[in-house]
Amino acid sequence: MDDYDPKGAASPEEKAAFQKIYSTAANKGLNVGSVRAYVCGPDGDPLVIAGGGVAKDLEILKEVAKKLGTKEGKPVVALRSQFAPPKTEPGALALHLTARNLPITEGGEGWGALPGEDWIVYSKKEWTSFLPPAGASPGAAWQIDREIATKLLSHFYPAVEEYGFIKKGEYERVAIQCTLISKDRVRLDASLKMKECFYSDKVWIAVEATAVGVVEFDPAKRTVKRFVMATEKATCGGPFAVVVRSADLLKRGDN
Amino acid sequence: MQRNVRVILALLVLAGAAAAQDGDLFWIEKRAVEWAPRPSERKFDQIAWVTEARTAVELGKKHNRPVFIFTHDGRMARGRC
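Protein chains in written order, with the numbering used here: chain L, 1 to 255; chain A, 1 to 81.
If we strip away everything but chain L, and leave its shape as in the complex, we get:
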């Protein structure tokens, strides 16, 4: 409900529209809350609260459809990814990060069973630092600026119960070393040791990780063709994995 909090991003009109549904449900004695599934009539009148498990929810939905005489049909809006690449400035590099607990369990329950995802966007000035200095030969090595490294590595944690970054994280070790391994490839070696505060200001979660990656680039154009990275070893309570992959370098900055 973050967007619908008083200081949230939703418009006043949108907040008012949802508040009307919420209040009506509460006045009817329905079990309202911030994490709920409201089944409403076509006019938005809340009828019942779902969320008691798949089987029970399917029953509820079928009953409501039957009661209202709803006819089966196609979705009224197009299917689309709910986590599309963000809009960016032209020339920016968007990196998609997936973080998951290990071992991978199909069909598990709870937020830890699914991967967490983030988009990290580097400006041209930032991603250029992953390319070798002009005239560099294979074997040349350099360190990425700590702030640029933190922008990526601070997202190296699995799905946990969180309310966002409640406090500024404590970063004991945040480093990405680049090594030019051929005329058009840079190897990345990353190291991370941090604490983040996600859920309560009294609970800090410790994370340690090492990762390797590669940046493929066009030496003539000085552009990144591909960026990929994966953890070799990572712990956050238990083991977890991270993989980072570049979206196509966005030219127009819209999606």
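Please keep in mind that the hints were generated in silico from the structure rather than gathered at the bench. Predicted model only: the values in this text are computed from it and were never measured. Even for Gly, the Cβ is constructed at its ideal location relative to N, Cα and C.
Derived list of chain L stretches under chain A, where covered just means 3 residues or more per stretch with a C-beta under 8 angstroms from a C-beta of chain A:
hint, region
1, 12 to 26
2, 39 to 49
3, 75 to 82
4, 116 to 127
5, 209 to 222
6, 232 to 245
The calculated BS3-like cross-link candidates involving lysine-lysine, where the alpha carbons are at most 27 angstroms apart (straight line), are:
hint, chain 1, residue 1, chain 2, residue 2
7, L, Lys151, L, Lys193
8, L, Lys225, A, Lys30
9, A, Lys61, L, Lys15
10, L, Lys62, L, Lys20
11, L, Lys74, A, Lys62
12, A, Lys61, L, Lys67
13, L, Lys66, L, Lys20
14, A, Lys61, L, Lys20
15, L, Lys56, L, Lys28
16, L, Lys28, A, Lys62
17, L, Lys56, A, Lys61
18, A, Lys30, L, Lys151
19, A, Lys43, L, Lys87
20, L, Lys195, L, Lys151
21, L, Lys74, A, Lys61
22, A, Lys30, L, Lys233
23, L, Lys71, A, Lys43
24, A, Lys43, L, Lys62
25, A, Lys61, L, Lys62
26, L, Lys66, A, Lys61
27, L, Lys28, A, Lys61
28, A, Lys30, L, Lys183
The calculated label-pair distances, taken between Cβ atoms and stated as ranges, are:
hint, chain 1, residue 1, chain 2, residue 2, range
29, A, Phe70, L, Ala113, 17 to 23 angstroms
30, A, Phe26, L, Val54, 36 to 42 angstroms
31, A, Trp27, L, Leu58, 38 to 44 angstroms
32, L, Asp2, A, Lys62, 26 to 32 angstroms
33, A, Gln46, L, Ala134, 44 to 50 angstroms
34, A, Lys61, L, Trp204, 45 to 51 angstroms
35, L, Lys233, A, Ala36, 17 to 23 angstroms
Fit chain A to the known structure of chain L by using the hints.
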């Protein structure tokens, strides 16, 4: 002869180092595929969501369909609580 052996050994060491790096990079590609979100983990996208309650109710009225509103804290679409 000894110099030739040393040169050959140096070349073998460099070749080994390159192979280890290539081995690492192959490993990265393999992991990038294994650890990426699977279709079974993106079932959320199989539902045609709209992101505002007002839009949902407008569509409900227009198409005479009940409206399902899911509220939560966090960012469901990207698995962050």
